[in-house]
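Chain by chain, the residues run as shown.
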Amino acid sequence: MASAAAVAEHHEHTHYTTTGLDNRKVAIWAFIGSECMLFVSLISTYLIYKGKSIVGPFPHETWTAPDGHKFNAILNIPVTTQSTFVLLMSSLAMVLALEAVENTGKPGYAGKIRGNASFWLGFTAVLGMTFLGYQAFEFTSFVHEGLTIHTNLFGSSFFTLTGFHGAHVTAGVLWLLTLMSISMKRGLTQKDALLVDICALYWHFVDVVWIAIFTLVYLIK
Amino acid sequence: MATTAATPTFAPPAAASYEQSGIWSWITTVDHKRIGALYLYTALFFFMFGGLEAGIIRWQLALPNQHVVSAEMYNQLFTMHGTTMIFLAVMPLSAAFFNFLIPLQIGARDVAFPRLNAFSYWVYVLGGTFMTLPIFFGNAPNGGWFGYAPLTTMPYAPGLNIDFWVMGLQILGISSLAAAFNFITTIINMRAPGMTLMRMPVFTWMSFVVQFLLVLAFPVITIALVFLLFDRFFGTNFYEIAAGADPLLWQHLFWVFGHPEVYILILPAFGIVSEILPTFSRKPLFGYNVVVYSGIMIGFLGFGVWAHHMFAVGMGATADTIFALTTMLIGIPTGVKIFNWIATMWGGQIRFATPMKFAIGLIALFTIGGISGVMHSSPPADLQQTDTYFVVAHFHYVLFGGSIMGIMGGIYFYFPKITGRYMSEVLGTWHFWTTFIAMNLTFFPMHFSGMLGMPRRIYTYDAGQGWDTFNMISSVGTAMLIASTLIFVVNFLKSRKSGEVAPNDAWGAGTLEWSIPSPPPDYNFAEIPVVTSRYPLWDLKHPERTAGIAHSAPDIMTITDAHAVPVHEETGHKTAAELGIPMPFNTVKPAIAAAALVGMFAGLLFMHQNKFAVAMTITIGSAMLFVGTLYAWLTSPLE
Numbered sequence: 001m002a003s004a005a006a007v008a009e010h011h012e013h014t015h016y017t018t019t020g021l022d023n024r025k026v027a028i029w030a031f032i033g034s035e036c037m038l039f040v041s042l043i044s045t046y047l048i049y050k051g052k053s054i055v056g057p058f059p060h061e062t063w064t065a066p067d068g069h070k071f072n073a074i075l076n077i078p079v080t081t082q083s084t085f086v087l088l089m090s091s092l093a094m095v096l097a098l099e100a101v102e103n104t105g106k107p108g109y110a111g112k113i114r115g116n117a118s119f120w121l122g123f124t125a126v127l128g129m130t131f132l133g134y135q136a137f138e139f140t141s142f143v144h145e146g147l148t149i150h151t152n153l154f155g156s157s158f159f160t161l162t163g164f165h166g167a168h169v170t171a172g173v174l175w176l177l178t179l180m181s182i183s184m185k186r187g188l189t190q191k192d193a194l195l196v197d198i199c200a201l202y203w204h205f206v207d208v209v210w211i212a213i214f215t216l217v218y219l220i221k
Numbered sequence: 001m002a003t004t005a006a007t008p009t010f011a012p013p014a015a016a017s018y019e020q021s022g023i024w025s026w027i028t029t030v031d032h033k034r035i036g037a038l039y040l041y042t043a044l045f046f047f048m049f050g051g052l053e054a055g056i057i058r059w060q061l062a063l064p065n066q067h068v069v070s071a072e073m074y075n076q077l078f079t080m081h082g083t084t085m086i087f088l089a090v091m092p093l094s095a096a097f098f099n100f101l102i103p104l105q106i107g108a109r110d111v112a113f114p115r116l117n118a119f120s121y122w123v124y125v126l127g128g129t130f131m132t133l134p135i136f137f138g139n140a141p142n143g144g145w146f147g148y149a150p151l152t153t154m155p156y157a158p159g160l161n162i163d164f165w166v167m168g169l170q171i172l173g174i175s176s177l178a179a180a181f182n183f184i185t186t187i188i189n190m191r192a193p194g195m196t197l198m199r200m201p202v203f204t205w206m207s208f209v210v211q212f213l214l215v216l217a218f219p220v221i222t223i224a225l226v227f228l229l230f231d232r233f234f235g236t237n238f239y240e241i242a243a244g245a246d247p248l249l250w251q252h253l254f255w256v257f258g259h260p261e262v263y264i265l266i267l268p269a270f271g272i273v274s275e276i277l278p279t280f281s282r283k284p285l286f287g288y289n290v291v292v293y294s295g296i297m298i299g300f301l302g303f304g305v306w307a308h309h310m311f312a313v314g315m316g317a318t319a320d321t322i323f324a325l326t327t328m329l330i331g332i333p334t335g336v337k338i339f340n341w342i343a344t345m346w347g348g349q350i351r352f353a354t355p356m357k358f359a360i361g362l363i364a365l366f367t368i369g370g371i372s373g374v375m376h377s378s379p380p381a382d383l384q385q386t387d388t389y390f391v392v393a394h395f396h397y398v399l400f401g402g403s404i405m406g407i408m409g410g411i412y413f414y415f416p417k418i419t420g421r422y423m424s425e426v427l428g429t430w431h432f433w434t435t436f437i438a439m440n441l442t443f444f445p446m447h448f449s450g451m452l453g454m455p456r457r458i459y460t461y462d463a464g465q466g467w468d469t470f471n472m473i474s475s476v477g478t479a480m481l482i483a484s485t486l487i488f489v490v491n492f493l494k495s496r497k498s499g500e501v502a503p504n505d506a507w508g509a510g511t512l513e514w515s516i517p518s519p520p521p522d523y524n525f526a527e528i529p530v531v532t533s534r535y536p537l538w539d540l541k542h543p544e545r546t547a548g549i550a551h552s553a554p555d556i557m558t559i560t561d562a563h564a565v566p567v568h569e570e571t572g573h574k575t576a577a578e579l580g581i582p583m584p585f586n587t588v589k590p591a592i593a594a595a596a597l598v599g600m601f602a603g604l605l606f607m608h609q610n611k612f613a614v615a616m617t618i619t620i621g622s623a624m625l626f627v628g629t630l631y632a633w634l635t636s637p638l639e
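For the record, the sequence lines run as chains A and B. For what it's worth, the working numbering labels the leading residue of the first sequence as 1, then goes sequentially. For what it's worth, the working numbering labels the leading residue of the second sequence as 1, then goes sequentially.
Chain A with its partners taken away, still in its complex shape (with noise of 0.2 Å):
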């Protein structure tokens, strides 16, 4: 009896794996390895359809109507630098919520700010909202400067890119506090560092292609 306790009990705790590497992390690796074919294909798209729109409103460019309504250069590059700031940020606040996780109880860590995982968890998740409403505030913008997904290849293009890059942001984000709202109820210790780190891995890579999004389609005429 006893023994098969201990065998039982063995295998709860140290599944063998042929890399050392849980398995969920491996598979959140494989997971990126696709998005990233799915975020070439959208910005692909998009650059492939850069120009070739033949009514505005344009990107970088302004454009008189044949009415002779003036629509201006739609992208506005300093308000959409702040988003980025605040994606940025909030990588830097997952990494933080890494920290404090893997170091629960230790020296340092213990009863200050720094191992507070539920305040980094949901810092980086607030930050992520943030970045979304910059996006809601920025789509309306565009829709009021009459941009809407119908308008042209630039408009569909670009509002399909976005999106869906803001759709990865809100899955983030519920990510974030499911794990935050996990955290509140039970904390997390060292033993629940990989789902923190599955979902920072997740978190990371959609702010990298904020980057190339931020590079590609805004900073670059």
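Hints were generated in silico from the structure; no laboratory data involved. Just to be clear, a hint being listed does not mean it is correct.
Unchecked claim - Under the rule of at most 30 Å between Cα atoms (straight-line distance), these lysine-lysine pairs were calculated in the DSS-like manner: (1) A:K185 with A:K106; (2) A:K112 with A:K191; (3) B:K589 with A:K185; (4) A:K191 with B:K589; (5) A:K112 with A:K25; (6) B:K589 with A:K25; (7) A:K50 with A:K221; (8) A:K106 with A:K191; (9) B:K541 with B:K574.
As the list claims (entries may be wrong) - Residues from chain B that keep clear of chain A, each with C-beta distances beyond 12 Å, as calculated: (10) W24; (11) I57; (12) Y459; (13) H542; (14) F606.
Yeah, the Cβ is synthetic: ideal placement off N, Cα and C, and Gly gets one too.
Model the placement of chain B on the given structure of chain A, informed by the hints.
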């Protein structure tokens, strides 16, 4: 000699290891072997369905100017024949083997994520049903399996037909992607001690390559389909030529997915014959490393040849030349494999059992298809052949002559492992020869009708263009193919109940799956094997065969798993509980999540009926059910 045993060595109900029978146990199962069986049965059903569609197509084309079905129905039939065979038959048949075999071949007790595995299956079967049912209402997809936009956009294809196709493929893509993440993780992370990458059976290797192709190719068609869906439902301009859209955007995106897709279809079959040929030649695979590397090479090059499907669109000399060269290049690793298989047989003590016949059939028929493939890798030749029956002949030689021959060989080969009984050799031999002859009768004449200018997808034709005889021969061949498939069905059903009982090692093979009882117990391996070479079972039983390949001493000391022991043949009948092996719980959550996912897409159909409220209710309701189920799933323990 225990040849008189009336039941297989490990009959699950009798051994009471499973308390698993009845429909509910199948809906809730997370056992990779049972999910593999579900894939096998479902995919065989769709294979027959796609075959019947082909039967009607050939009936329509048997004589000039026939009207067996309407032209509109004909469009639906050829679209659904291609879509069914590719996405609902051959890919899931391969998935049946991935599921059943990969854990057994690498010495694992299950896949990395058993519940995700069940989810993949349920998404597949529900998505397949979603796409197949409309044909009974005359509403099936009708734009070809490649669904070229802008032809499939709203102005040119109103009606639900294309909606079913767009959303059906999205659903099936999710199934394939979920399965691919699962198998990549399984192969990377769940190998038994000593099972290094270069000791993995070649089937597992080819499956590994296929999973990467799935993971990298499917997102591209996902995005292409999202664009099409947005164009159709929300009025975007991705394929709207009047708005300046590029008419080739779809073709590029589709074929960036579509060409890796053909390797997704053929590599598992290559893997299966790489298991069959050494077993029945009774010697190790010739040039294992080269077979593996050429498989990886095919995977890489597969992403660089897509535009050879588009030589006729006028891409210009530079692009045509580059894609012609990469296409010719991919013939090299493929040819290398053919020679490796032939060299494996060379000097072996060959046993011509049914699986071996199919494997050799693959080598012969795939080579013919491969050669015609090299023919239209040359743009000037391709311009003559594109969109003619010559191309139809080519891809049926590689898909039927390659994938289906390999898969059929695999079914005969692994049937004893799956069920504990052999399939009938007599019926198997009849099945093989009728298939082999009928297959050539059906598809070889298409080379000629194609060269004489008969276009693909044509509804009917006038007499006197030199096509009549060839079409009649093809149609007779198809009738024979249907008959030969019936022989297979009879054999399959009969052998399940009353086939000759098979031992653990049904064919004298060398890999791990043959060291455990047939059918395997739910935990697969009572003790995790420690592997020291590529053919661990031959090391045990026929060391003379493996004397020439690399070995290592079993390094027991570095192994952390209490259950790991050197490779041996297992005969035990113990249950998982007796052995102290934790088993995953059955759960219905993956099936519910799959149904909710399909509901999300199905709801959108109502948008075109101007029932926006209904559409949103179903879609958002299903989405909430999906997220809720996902949370319940993730917070409940696996085992």
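Each hint tested on the structure:
About 20 Å separates the Cα atoms of A:K185 and A:K106, which keeps this hinted pair within 30 Å; it holds. Of the supplied pair hints, the one linking A:K112 and A:K191 holds, its CA atoms being roughly 20 Å apart against a limit of 30 Å. The straight-line distance between the Cα atoms of B:K589 and A:K185 is roughly 25 Å, inside the 30 Å bound, and the hint therefore holds. For the hint linking A:K191 to B:K589, the alpha-carbon distance of about 26 Å falls within 30 Å, and the restraint holds.
For the suggested pair A:K112 and A:K25, the alpha carbons sit about 29 Å apart, so the restraint of at most 30 Å is met. Between B:K589 and A:K25, the direct Cα distance comes to roughly 23 Å. Compliance with the 30 Å bound is thereby established for this hinted pair. Of the supplied pair hints, the one linking A:K50 and A:K221 holds, its CA atoms being roughly 10 Å apart against a limit of 30 Å. Proximity of A:K106 to A:K191 is assessed by CA-CA distance (about 14 Å); at most 30 Å being required, the pair is judged to hold.
Using a Cα cut-off of 30 Å, the hinted pair B:K541 and B:K574 holds, with the two alpha carbons roughly 24 Å apart. For B:W24, the non-interface assignment is confirmed: its Cβ lies about 27 Å from the closest Cβ of chain A, beyond the 12 Å cut-off. Taking the minimum C-beta to C-beta distance to chain A, about 33 Å, the non-interface status of B:I57 holds against the 12 Å cut. Every CB of chain A is more than 12 Å from the CB of B:Y459 (nearest about 34 Å), matching its label as outside the interface.
With a closest Cβ-Cβ approach of about 27 Å to chain A, B:H542 is found to remain outside the 12 Å limit, as its non-interface label requires. Separation of B:F606 from chain A is adequate, the least Cβ-Cβ distance of about 21 Å exceeding the 12 Å criterion.
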